[in-house]
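Listed below are the residues making up each chain.
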Amino acid sequence: AQSVTQLGSHVSVSEGALVLLRCNYSSSVPPYLFWYVQYPNQGLQLLLKYTTGATLVKGINGFEAEFKKSETSFHLTKPSAHMSDAAEYFCAVTSASKIIFGSGTRLSIRP
Amino acid sequence: EADIYQTPRYLVIGTGKKITLECSQTMGHDKMYWYQQDPGMELHLIHYSYGVNSTEKGDLSSESTVSRIRTEHFPLTLESARPSHTSQYLCASSEEGFTEAFFGQGTRLTVV
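Top to bottom, those sequences are chains V and L.
Numbered per the working numbering, the first sequence spans residues 1 to 111.
Numbered per the working numbering, the second sequence spans residues 1001 to 1112.
Calculated from the structure, these hints are not laboratory results.
It is possible that part of the hints are untrue.
[What the hints assert, rightly or not] Taking lysine to aspartate or glutamate and the EDC-like style, the derived pairs with C-alpha atoms no more than 20 Å apart in a straight line are:
id, chain 1, residue 1, chain 2, residue 2
1, V, Lys-49, L, Glu-1100
2, V, Lys-49, L, Glu-1095
3, V, Lys-98, L, Asp-1030
[Stated by the list, open to error] Just so you have them, the derived chain L footprint on chain V, three or more residues with Cβ under 8 Å:
id, stretch
4, 40–49
5, 102–109
Computed from a predicted model, the values in this text were never measured in an experiment.
Glycine is no exception: its CB is placed at the ideal position from the N, C-alpha and C atoms.
Here chain L stands alone, though its shape is the one from the complex:
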């Protein structure tokens, strides 16, 4: 059973606000990922991490930032939210090597 949690599940926020999307996993996985998924379904990798103090930008440019101070925690921050940031954000983790990813339930963000 995968144990990866995202909070909040839903968030509606005004333009210009700072927000942090939380992601935690209890599996001790070194690798963690953030994907952005728009209504058209496609998943775009925006950030990933190999482990503590490691963060990398993904394939899709994003104004968000991430940090990895603890193995289990990989929060995503938007300093100033805009309507173009409205999307679903999915967090995932995996073991080292070519293994499958385990996903959280996602955060659906709406910026008004």
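Okay, chain V solo, but in the shape it has when bound:
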């Protein structure tokens, strides 16, 4: 069965600093992996996804993630944090009939 673990329920970085949000997955089949962002009182918005092919995936708002099969990881990064990046971030993996979400990471940006 597929599962997702997000390391760190809260991450705080300074504006302009590197953002790194960690996600590890467990899957018995080649996974499809996603990162979503949720702003206050909103639904989830897709940031990026990995299905097949290139392991470095670029998404919206300058975010990218790298699929590392050997490490079963799909960490999300952004070179330079902006105040508008403050939100909740969810890593997800598709299972046979469902989408399995991690527990989420709250990203705070310090001025």
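With chain V fixed as given, assemble chain L onto it according to the hints.
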């Protein structure tokens, strides 16, 4: 652009009332989902559907029920609301296969 809509956005209702949360999508997606999200952020799948006349219970037990009479519509009903039902409810849809889900903006339910 995703077209999935939830109404109402906010609802405050008394204990014992029957409520229906509406979810509609215009993308023709076969799969639809309901998630419950508490203040701690984690998303719990409570119901999903493969298509018309298909409904399945999710990973988290819920007293709510769902129906799927039309492809575009996936309402969630609570026959008798209780304070423990206070939460945010998110509806989503996706195409067949291992594709991403598109989310509505959510309904924040408060039962007093």
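> Of the hints stated earlier, which fail here?
Replying inline: none
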